[in-house]
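Enquirer: Each protein sequence line maps, in turn, to chains V and A. Quick note: the first sequence, position 31, residue 30 per numbering that gives the first Met the number 0, numbers continuous. Quick note: the second sequence, position 97, residue 96 per numbering that gives the first Met the number 0, numbers continuous.
The hints are simulated quantities; they were obtained by calculation from the structure and are not laboratory data. A quick note: this is a predicted structure, and the numbers were derived from the prediction, not measured. Take the hints with a grain of salt, since some may be wrong.
No farther apart than 25 angstroms at their CA atoms in a straight line, the calculated lysine to any residue pairs in the SDA-like style are these [stated by the list, open to error]:
1. A:Lys187 to A:Ala127
2. A:Lys84 to V:Asp108
3. A:Lys84 to V:Val120
4. A:Lys54 to A:Leu29
5. A:Lys174 to V:Gly96
6. V:Lys103 to A:Lys154
7. A:Lys154 to A:Glu136
8. V:Lys73 to A:Lys171
9. A:Lys171 to V:Glu21
10. A:Lys97 to A:Leu274
11. A:Lys92 to A:Phe135
12. A:Lys174 to V:Ile109
13. A:Lys124 to V:Val117
14. A:Lys203 to A:Asp144
15. A:Lys174 to V:Asp106
16. A:Lys171 to V:Val117
17. A:Lys52 to A:Glu66
18. A:Lys171 to V:Pro104
19. A:Lys154 to A:Asp78
20. A:Lys8 to A:Ser21
21. A:Lys171 to V:Met86
22. A:Lys171 to V:Asp106
23. A:Lys171 to A:Thr149
24. A:Lys54 to A:Asp145
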Amino acid sequence: MKSCLVVDDSRVVRKVARRIVEDLGFTAIEAEDGSVALSECEKAMPFCILLDWNMPNMSGIDFLKALRAMPEGKEPKVIFCTTENDMAFIQEALAAGADEYIMKPFDSDIVQTKFEQVGIV
Amino acid sequence: MAFSSDDFKLYQILLFKESGLSIKEDKAYLLESRMNSLIKKLDIPDTATLTAKVKAGDVTVKKEVVEAMTTNETFFFRDMHPFDKFRDVVLPKIFENKPVGSTIRIWCAACSSGQEPYSLAIILKENAAKFAGYNFEIIATDLSDDILDTAKAAKYSQFEVQRGMPITLLVKYFKQEGTDWLLNDDIKSMVKFEKFNLLDPMTKYGTLDIVFCRNVLIYFAAETKSMVLSELYQRIAKHGFLFLGGAETVVGVTDKFKLMEGERGLYIPHDSVYL
Chain V
0 MKSCLVVDDS RVVRKVARRI VEDLGFTAIE AEDGSVALSE CEKAMPFCIL LDWNMPNMSG
60 IDFLKALRAM PEGKEPKVIF CTTENDMAFI QEALAAGADE YIMKPFDSDI VQTKFEQVGI
120 V
Chain A
0 MAFSSDDFKL YQILLFKESG LSIKEDKAYL LESRMNSLIK KLDIPDTATL TAKVKAGDVT
60 VKKEVVEAMT TNETFFFRDM HPFDKFRDVV LPKIFENKPV GSTIRIWCAA CSSGQEPYSL
120 AIILKENAAK FAGYNFEIIA TDLSDDILDT AKAAKYSQFE VQRGMPITLL VKYFKQEGTD
180 WLLNDDIKSM VKFEKFNLLD PMTKYGTLDI VFCRNVLIYF AAETKSMVLS ELYQRIAKHG
240 FLFLGGAETV VGVTDKFKLM EGERGLYIPH DSVYL
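So that you can see chain A by itself, here it is in the shape it has in the complex (with noise of 0.2 angstroms):
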């Protein structure tokens, strides 16, 4: 069932208090099959039963309703691009900058169901033998706890690690169980997850050297978009690396930034040691 017009404004507003989203009229797909499925997981008749609910300030209800529209799509080694640099180029250059023995601290700010992070952790396991010398702590967060518990289960529908994983890695690091694919707890145990909203203070993270934080910010309005980008830029070292999605910039929106130069989705701080 559609929303109407008056239904839509109270989502809106509603995801942009609880957690910065932003969502434009041409979203109202999105939210009418992602209601629609929340419906059935609720047990909850009708969407107009899921309106008058969250009108009625649900707690739960809401809750539930902000985790179902934030949950985002994700796949092993998404573009695969951002993954190479992370190992050729962004890895070398703090290696350079942080002496043999030091942890090197990833956070992957909104990481959904899990593929992101443990990716990361592939990577490492992977070229453990060039990477020798250095610790690495890999916090994985999310807003929404189901989301939470899917990647900590780490177990994926044949569907889920075919986008993506190479099938000689598949075969290296999982399990199968009946047609889904669990991952080995070598690496599982590489990734720390925690809930986190990013329109929370980040200090608790201390100093980070790379943040991942893809195609989150696009769902965010302009200003909490900038918001989110200068306590990132608190956070991260002076060493150290943002990942953007491909297609998003910093342009307008914050200049603690800069675009490494002709790497896409790849940014230092202004006052970065590279510059």
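The following block holds chain V by itself, in its conformation from the complex (with noise of 0.2 angstroms):
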């Protein structure tokens, strides 16, 4: 089965986060920063990430970069989802190598649709 690494400092949102991406069938494993993430990644490269910005000891952004700069790291799509509902920061994560960003509040829909756009569903 394919894995997605759920990253958000929200236990509640990991647990939401969890529910949909597995319904749409894939292994989640769930990571509270951004640094519990790259740890992750340097275990077993995830399938796919679904990703916050802001979290302590190393935000969204900084973690996509340190990914995309990982031998591998180009493989995973990475999803943003997040508050930060900005163009200014659409921007910046589209050119930091984001496939494709979730403003939240979001559902299983969105979700979905998002997956089905990056073609990994």
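Please assemble the complex out of the two chains, which come individually in their own frames, going by the hints.
Expert: Take a look at the structure:
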């Protein structure tokens, strides 16, 4: 089964996101910030990543830059999922190598559409 | 408040007569929820008063009821598949049958708040180099004045744009306005909006190359459906195409159209040049 790394400092959001990605047929792995996410990626590169922006220790955007610099780090599809909904943030994310961008609040339909658009479901 | 079965019948008849919409008892919840929003909009105290106004033949209220019930959910690139077919199958086939320099005429027959015609306009813009040499005309119609105003304004909530619009296209073709997203004028100007009731004669639309009429006929009774499809047949060129919803079928409704082999929801005239 393909894996989806869910990165968010809110346990509630992780739980909701886990359920959604599991319904889409993924195994969910959770990480509460960017640095935990990075060590998960070092252990095993996930198939896709649902990524929050604002988190302690390491933010989503810093994680994304570090990820894309890793060997095989260009492989996973990365979908931001954040309350940062300003055009400037979206453009920064795309420039750093994000594949899609979800502005919170989100629902399962939005996640599914975005996953379809990046071609992972 | 729930409608009594007599009241429900009253709305049923009104909707059928005015718009061809046929609602069964299992859609009572939809009628209730739409009418509850409508009384707020019209500042009417309760649905009983609304029903009384309908009974009394209040033209404005009747029109509002029809509009409220015929407004359908829509989003950008809804179901994706038809839009891919539009770009990769339908347009290339039409190019083979129309001289360079001619205008390809597209009609979105129930455009709701505009996402479908604007999605088509974006596809045309994105593929401008590939489609160079042809002109395009997108006509988008709906029964509801309110929804046409929304469509023309082309301002969408964050929630609406997220349902379907890929982020790269959002960044490229929209401007942010608070929490809303406003479509750029160059895309907006590609679509011409007009009020039209599908039960009215369609002759004024001349000959069309492509018609999108997705997820509309499902609300119509069988005879109405077949009448609308016959009208559409008269309008669509022999090299033209008709898009219906993925779950819709013409089997047993009309023999004027045939499913394009292997293409769900894509229809061609029974005497199409492709047969």
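Enquirer: None of the hints should be skipped; say for each whether it holds.
Expert: Going through the hints against the structure:
1. A:Lys187 to A:Ala127: holds (16 angstroms)
2. A:Lys84 to V:Asp108: holds (22 angstroms)
3. A:Lys84 to V:Val120: Holds, at about 19 angstroms.
4. A:Lys54 to A:Leu29: Judged against 25 angstroms, a Cα distance of about 20 angstroms means the pair holds.
5. A:Lys174 to V:Gly96: Status holds; Cα separation ~22 angstroms.
6. V:Lys103 to A:Lys154: holds (19 angstroms)
7. A:Lys154 to A:Glu136: holds (22 angstroms)
8. V:Lys73 to A:Lys171: holds (23 angstroms)
9. A:Lys171 to V:Glu21: violated (32 angstroms)
10. A:Lys97 to A:Leu274: With Cα atoms ~17 angstroms apart, Lys97 of chain A and Leu274 of chain A stay inside 25 angstroms; holds.
11. A:Lys92 to A:Phe135: holds (15 angstroms)
12. A:Lys174 to V:Ile109: Roughly 20 angstroms separates the two Cα atoms, so the pair holds.
13. A:Lys124 to V:Val117: holds (21 angstroms)
14. A:Lys203 to A:Asp144: This hinted pair holds, its Cα atoms lying about 19 angstroms apart.
15. A:Lys174 to V:Asp106: holds (23 angstroms)
16. A:Lys171 to V:Val117: holds (17 angstroms)
17. A:Lys52 to A:Glu66: The hint holds at about 16 angstroms.
18. A:Lys171 to V:Pro104: holds (22 angstroms)
19. A:Lys154 to A:Asp78: Within the cut-off at roughly 21 angstroms; holds.
20. A:Lys8 to A:Ser21: holds (11 angstroms)
21. A:Lys171 to V:Met86: holds (10 angstroms)
22. A:Lys171 to V:Asp106: holds (24 angstroms)
23. A:Lys171 to A:Thr149: With a Cα-Cα distance of about 21 angstroms, the restraint between Lys171 of chain A and Thr149 of chain A holds, given a limit of 25 angstroms.
24. A:Lys54 to A:Asp145: The hint holds at about 23 angstroms.
Hint 9 from the earlier list is the only one contradicted by this structure; the remaining hints agree with it.
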